[in-house]
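**Student:** With the hints as constraints, model all of the structure from the sequences given.
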Amino acid sequence: MPLLAKRLDAIRPSQTKVMTSKATALRERGADIITLSQGEPDFDTPEAIRDAGIAAIQQGKTRYTPVAGVKGLREAIRGKLRRDNHLEYDIDQITVGCGAKQIVFNALFASLDPSDEVIIPTPCWVSYPDMVRLAGGEPVLVVCHERDGFKLRPADLEAAITPRTKWLMLNSPNNPTGAVYSEVELMALAEVLRRHSHVHVLADDIYEKLVYDVPFSTMAEVAPDLCSRTLVVNGVSKSAAMTGWRLGYGAGPQALIKAMNTIESQTSSHTSSVSQYAAIEALEGDQSYIAEFVDAFRKRRDFVIGQINQAPGLSCSVPDGAFYIFVSCAGVIGTTTAEGKKIDSDMDFAMYLLEDFGVAVVPGSGFMASPYIRISFAAALSELEQACARLIAACHALSSEVTVE
36 MPLLAKRLDA IRPSQTKVMT SKATALRERG ADIITLSQGE PDFDTPEAIR DAGIAAIQQG
96 KTRYTPVAGV KGLREAIRGK LRRDNHLEYD IDQITVGCGA KQIVFNALFA SLDPSDEVII
156 PTPCWVSYPD MVRLAGGEPV LVVCHERDGF KLRPADLEAA ITPRTKWLML NSPNNPTGAV
216 YSEVELMALA EVLRRHSHVH VLADDIYEKL VYDVPFSTMA EVAPDLCSRT LVVNGVSKSA
276 AMTGWRLGYG AGPQALIKAM NTIESQTSSH TSSVSQYAAI EALEGDQSYI AEFVDAFRKR
336 RDFVIGQINQ APGLSCSVPD GAFYIFVSCA GVIGTTTAEG KKIDSDMDFA MYLLEDFGVA
396 VVPGSGFMAS PYIRISFAAA LSELEQACAR LIAACHALSS EVTVE
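Number 61 in my numbering belongs to position 26 of the sequence shown; there are no gaps in the numbering.
Since the hints were made in silico from the structure, they are not lab data.
This structure is a prediction, so every number in the text was calculated from the model and none was measured.
Some hints here could point you the wrong way.
Said to hold, decoys possible - Keeping only pairs whose Cα atoms sit at most 20 Å apart, straight-line, the calculated SDA-like set for lysine to any residue is:
1. 52 / 67
2. 136 / 96
3. 201 / 261
4. 334 / 414
5. 186 / 52
6. 136 / 46
7. 41 / 186
8. 244 / 337
9. 106 / 122
10. 52 / 162
11. 52 / 386
12. 376 / 432
13. 376 / 428
14. 136 / 118
15. 96 / 319
16. 201 / 263
17. 334 / 246
18. 377 / 390
19. 106 / 291
20. 106 / 320
21. 244 / 322
22. 115 / 250
23. 376 / 414
24. 96 / 307
25. 57 / 434
26. 244 / 263
**Tutor:** Dropping the structure here:
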């Protein structure tokens, strides 16, 4: 009898992790590698938050906590949702997990039956389809074109809904495109959802605070009548530079939250107590650092956009949120490297950039969209300057001439 479950056959390693691991391995062998594949801020966790975590340790707050999270944190989350999103939840409608990723995972495991469908607009975060499959559901991928801002159109949502649809997953600002849904766009999608009362909404708002000159909106806020079938997912990883602390949260229907807590109780038991107390400070303390983060990211974004426009074969739209640029590399497909290797896919191009020019990016195929690459500008400007110079040189070094074997 095989050791591994058959359902794992359809699960792929995250290409983000794959490319980052390859970059790390090359760096350990002495190669000069610039990593633009990571989905995390390069800033340190703000000092006040670090101090809150240290204080929790010194005060002995290192024991088991309630599965859903300590009351103080859930109250802080209630306050954040009321203050920032005009949403009201009872404390029993809020749960805390080991990152927003676990909140999504728990929700799918708590709600999906075999053959239930989950609509996922693409390009999408690499983990969504595989988490659906692991939970026994069927991902329904709906292509969102660059000409539409990489956003789901109401007509395409309508066409994708079937009697088996359980969830629509919306990620705004989006990973990998940086697309941000406006209030008007969300209201148009809500009109479709009102005709299909069996469809629930999973709103992944983890990049909420990282928007550039556009307002942030979330479905439960713009369509309050859908709040009873919407799960709001968020966390402190991106907004407070706390990726390693592993803390996310969800707010939604009490029955769903209760079921998610049951899943949590049988897996990780609860999120780290130290991280929970640090997160209280992140949500209730001074947040002036967020504006500093956003200003730095905006400057980096604008710099990288300008550089990409100088690279032959590449083009991109300007992202309104997150810290990624989703670059079309259609113009380099079919070209040949100086060593005679053919660039037949975005994976080929990403490997060429890594192996020949020392720049790690993520191929768009990992996000269900080709031919693209995702560049993270969550890196120091000096690193971005070097990386962009290498990227431009890499594109100039490609030849469109057909090689004879």
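**Student:** Each hint: holds or not?
**Tutor:** Each hint tested on the structure:
no., hint, verdict
1, 52 / 67, "holds, 19 Å"
2, 136 / 96, "violated, 25 Å"
3, 201 / 261, "holds, 14 Å"
4, 334 / 414, "holds, 12 Å"
5, 186 / 52, "violated, 25 Å"
6, 136 / 46, "holds, 16 Å"
7, 41 / 186, "violated, 34 Å"
8, 244 / 337, "holds, 18 Å"
9, 106 / 122, "holds, 18 Å"
10, 52 / 162, "holds, 11 Å"
11, 52 / 386, "holds, 14 Å"
12, 376 / 432, "holds, 12 Å"
13, 376 / 428, "holds, 17 Å"
14, 136 / 118, "violated, 24 Å"
15, 96 / 319, "holds, 19 Å"
16, 201 / 263, "holds, 14 Å"
17, 334 / 246, "holds, 13 Å"
18, 377 / 390, "holds, 14 Å"
19, 106 / 291, "holds, 19 Å"
20, 106 / 320, "holds, 17 Å"
21, 244 / 322, "holds, 11 Å"
22, 115 / 250, "holds, 17 Å"
23, 376 / 414, "violated, 30 Å"
24, 96 / 307, "holds, 10 Å"
25, 57 / 434, "violated, 26 Å"
26, 244 / 263, "violated, 24 Å"
Of the numbered hints stated above, those contradicted by the structure are hints 2, 5, 7, 14, 23, 25 and 26, listed in ascending order.
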